[in-house]
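Chemist: Taken in sequence, the protein lines are chains A and B. The first sequence begins at 1 in our numbering and counts up by one. The second sequence begins at 1 in our numbering and counts up by one.
Incorrect hints may have been included.
Derived pair list, reagent style EDC-like, types lysine to aspartate or glutamate, alpha-carbon separation capped at 20 angstroms [as the list claims (entries may be wrong)]:
| id | chain 1 | residue 1 | chain 2 | residue 2 |
| --- | --- | --- | --- | --- |
| 1 | A | Lys23 | A | Asp335 |
| 2 | A | Lys129 | B | Glu48 |
| 3 | A | Lys140 | B | Asp50 |
| 4 | A | Lys129 | A | Glu192 |
| 5 | A | Lys389 | A | Asp57 |
| 6 | A | Lys262 | A | Glu249 |
| 7 | A | Lys206 | A | Asp293 |
| 8 | A | Lys262 | A | Asp241 |
| 9 | A | Lys163 | A | Asp335 |
| 10 | A | Lys129 | B | Glu25 |
| 11 | A | Lys206 | A | Glu447 |
| 12 | A | Lys136 | B | Asp50 |
| 13 | A | Lys23 | A | Glu425 |
| 14 | A | Lys136 | B | Glu48 |
| 15 | B | Lys155 | B | Glu25 |
| 16 | A | Lys23 | A | Asp293 |
| 17 | A | Lys23 | A | Glu249 |
| 18 | A | Lys140 | B | Glu48 |
Worth flagging that the hints you see were computed from the coordinates, not collected in a lab.
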Amino acid sequence: MKTRTISVGYMARVEGETALTVKLKGDEVTSVSLSIFEPPRLFESMLVGRSPAEAPDITARICGICPVAYQMSACAAVENVFRLAISNEIRALRRLLYCGEWIESHVLHMVMLHAPDFLNVPDAAALSKLHPERVKGALKIKKTGNALVAKLGGREIHPINVKIGGFYRAPLPSDLTSLLPDLQAALGEALEMLGWMAGFHYPDAKNHYLYVALRHPTDYPMNEGRIVSSEGLDIDVSEYDRHFTETHETRSHALHTTHQGKTMFCGPLARLALNFEKLPPIARDAALGLGLDKDHHNPFKSLLARGVEVVFALDEAIRIIENYKRPSPSFIAIDPALSNAPTRPEASAGPSAEKHPSTRVGYGATEAPRGILYHRYEVGDDGLITNAKIVPPTSQNQRVIEEDLFRMGKLLSTLPKAEARAIAEQAIRNYDPCISCATHFLDLRFEQTE
Amino acid sequence: MKPRLVIGFGQPEGDDAVGLFVAEELSKLGIETCSVTDGAALTLLLSETDAALIIDAVVINNKTPGVVFHWGSDEVTAILASEHAAASRWPVSSHGISIFNAIKIARALGSATFVEIVGITIAPPLSLLCSSASPIQQKDSGRQPLSEPVFQSVKEAVRVVSNIQRQYHA
Numbered sequence: 001m002k003t004r005t006i007s008v009g010y011m012a013r014v015e016g017e018t019a020l021t022v023k024l025k026g027d028e029v030t031s032v033s034l035s036i037f038e039p040p041r042l043f044e045s046m047l048v049g050r051s052p053a054e055a056p057d058i059t060a061r062i063c064g065i066c067p068v069a070y071q072m073s074a075c076a077a078v079e080n081v082f083r084l085a086i087s088n089e090i091r092a093l094r095r096l097l098y099c100g101e102w103i104e105s106h107v108l109h110m111v112m113l114h115a116p117d118f119l120n121v122p123d124a125a126a127l128s129k130l131h132p133e134r135v136k137g138a139l140k141i142k143k144t145g146n147a148l149v150a151k152l153g154g155r156e157i158h159p160i161n162v163k164i165g166g167f168y169r170a171p172l173p174s175d176l177t178s179l180l181p182d183l184q185a186a187l188g189e190a191l192e193m194l195g196w197m198a199g200f201h202y203p204d205a206k207n208h209y210l211y212v213a214l215r216h217p218t219d220y221p222m223n224e225g226r227i228v229s230s231e232g233l234d235i236d237v238s239e240y241d242r243h244f245t246e247t248h249e250t251r252s253h254a255l256h257t258t259h260q261g262k263t264m265f266c267g268p269l270a271r272l273a274l275n276f277e278k279l280p281p282i283a284r285d286a287a288l289g290l291g292l293d294k295d296h297h298n299p300f301k302s303l304l305a306r307g308v309e310v311v312f313a314l315d316e317a318i319r320i321i322e323n324y325k326r327p328s329p330s331f332i333a334i335d336p337a338l339s340n341a342p343t344r345p346e347a348s349a350g351p352s353a354e355k356h357p358s359t360r361v362g363y364g365a366t367e368a369p370r371g372i373l374y375h376r377y378e379v380g381d382d383g384l385i386t387n388a389k390i391v392p393p394t395s396q397n398q399r400v401i402e403e404d405l406f407r408m409g410k411l412l413s414t415l416p417k418a419e420a421r422a423i424a425e426q427a428i429r430n431y432d433p434c435i436s437c438a439t440h441f442l443d444l445r446f447e448q449t450e
Numbered sequence: 001m002k003p004r005l006v007i008g009f010g011q012p013e014g015d016d017a018v019g020l021f022v023a024e025e026l027s028k029l030g031i032e033t034c035s036v037t038d039g040a041a042l043t044l045l046l047s048e049t050d051a052a053l054i055i056d057a058v059v060i061n062n063k064t065p066g067v068v069f070h071w072g073s074d075e076v077t078a079i080l081a082s083e084h085a086a087a088s089r090w091p092v093s094s095h096g097i098s099i100f101n102a103i104k105i106a107r108a109l110g111s112a113t114f115v116e117i118v119g120i121t122i123a124p125p126l127s128l129l130c131s132s133a134s135p136i137q138q139k140d141s142g143r144q145p146l147s148e149p150v151f152q153s154v155k156e157a158v159r160v161v162s163n164i165q166r167q168y169h170a
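Please build the complete structure, drawing on both the sequences and the hints.
Modeler: Spelled out as structure tokens, the structure:
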């Protein structure tokens, strides 16, 4: 019996601590396990006993690259607890802030982390020698995303200006219009970048995935919408727990999400597949030019989907700024009569609601750069959080990452060690997994017996 | 001689903010500085200049917080060259680009030939949780404050950077 083991001591260009073991018998994969050993973060327990008003800022600390996503989902869920409706102006500003985060996160991942895989170079520094103009362009695009987050959030990293009902301070129109020239230049740059990436070689790995994303009646999804799937699911966010289950696997500190026993796929490719017609013309034309309207079954094309979403986010940011009306006041306050008064429990209320019938429950889901981010809060008579549930996109994608590698087994078994390792890493990066969010690096091992 | 960018680098809270804090103090003395909180922004800035001095918080084993170090351009280049380990210790990740990777990428782009670093030691972030050192309260600032020993080293860091700048322009 011949055994082959391939291992990667530390897989760079993903976030968090993870190990992957692929066991091969001949050319058949017998098992794939993604073990996330980054320590548990316990944020859900930390929230118990805190005011719902603190949820956006506490949960934002789960992740340094997508704090806005946590703030947006927390706001959506808490506002749902108190049946608080925000104004169109505040909705537009929240979308603008989210555009900033999508741009920052997507561009860093595409060019600095994932593109080196497609061009067979070891890292971003090597890529910079090969394609200096593209790397400089990417840095400039990212800068516009940072600028949006800084203007709306008060600072680039871990913004502090978001509150339940809106913002502590709404920017002046001149604060935003000053960003327009850079955003316009970045949009041109993003289209060129997409053209460059379209020329990459994409491994052939088509599969029929169960895509899940939000869908909004008129807009490409960000802050709100119904949860829909490529198999016809169409539910309100409050029904999430009835349709999606989190299970604990002993090998991983992160929970695995399934949709009625099935493996799901969320993130840019799923959003694009389920919301193609909602893209604005410039992004839709770019996607059509790449054939992404029909050919969205190859997970490696997540790279292109992210590129299309960068075009979308830049275009959307320009549109929002051009139509900006400063909201006054900058937030909608919770009705004081509601903030402490018990209301009827929800039909699908969670554990503490069953014990305390006056518990109120709120649900929120928004589209983080990596996919759906779901929050649910229960608030007791005293107005404090009694139960919290947070499901990040990487939990939802954990199973599909393992299954993709399983499907690639034959290919992996035939390749030399270094190449097998490289393509497995590239396949994992299709999902831009944020391990910190999901528990929350990668030690890759192949064990082969013949 | 070409002007040189003086960059304060770090996060706006806690001891990691010391680079930003020193840059602010230097501006008050009329030295032009910029403050950067994101690795990609640092990379872009370095890719557009040939010479830079970066002020940042550093963690060095067995060094107490508040010690000021200066690495000249040749030393920075030597660190980068010896840094096979750099790629693993400070990878480019979704959470950003480290200072060494920022210099590497900017050099690959044909810039950042001369980069010096002034580092101020801080305690490793985890040990801050169990540190008994009392933080300095800064007036007119909503920031989480610098710890006492790091705050005390700001003056020395300002003196070191001012001297380096004087020699550079002399």
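Chemist: State for each hint whether it applies.
Modeler: Here's how the hints hold up against the structure:
| no. | hint | in the structure |
| --- | --- | --- |
| 1 | A/Lys23 <-> A/Asp335 | violated, 57 angstroms |
| 2 | A/Lys129 <-> B/Glu48 | holds, 15 angstroms |
| 3 | A/Lys140 <-> B/Asp50 | holds, 18 angstroms |
| 4 | A/Lys129 <-> A/Glu192 | holds, 18 angstroms |
| 5 | A/Lys389 <-> A/Asp57 | holds, 16 angstroms |
| 6 | A/Lys262 <-> A/Glu249 | holds, 16 angstroms |
| 7 | A/Lys206 <-> A/Asp293 | holds, 14 angstroms |
| 8 | A/Lys262 <-> A/Asp241 | holds, 14 angstroms |
| 9 | A/Lys163 <-> A/Asp335 | holds, 15 angstroms |
| 10 | A/Lys129 <-> B/Glu25 | violated, 37 angstroms |
| 11 | A/Lys206 <-> A/Glu447 | violated, 25 angstroms |
| 12 | A/Lys136 <-> B/Asp50 | holds, 15 angstroms |
| 13 | A/Lys23 <-> A/Glu425 | holds, 16 angstroms |
| 14 | A/Lys136 <-> B/Glu48 | holds, 9 angstroms |
| 15 | B/Lys155 <-> B/Glu25 | holds, 9 angstroms |
| 16 | A/Lys23 <-> A/Asp293 | violated, 36 angstroms |
| 17 | A/Lys23 <-> A/Glu249 | holds, 18 angstroms |
| 18 | A/Lys140 <-> B/Glu48 | holds, 11 angstroms |
Checked against the numbered hints above, the structure breaks hints 1, 10, 11, 16 and satisfies the rest.
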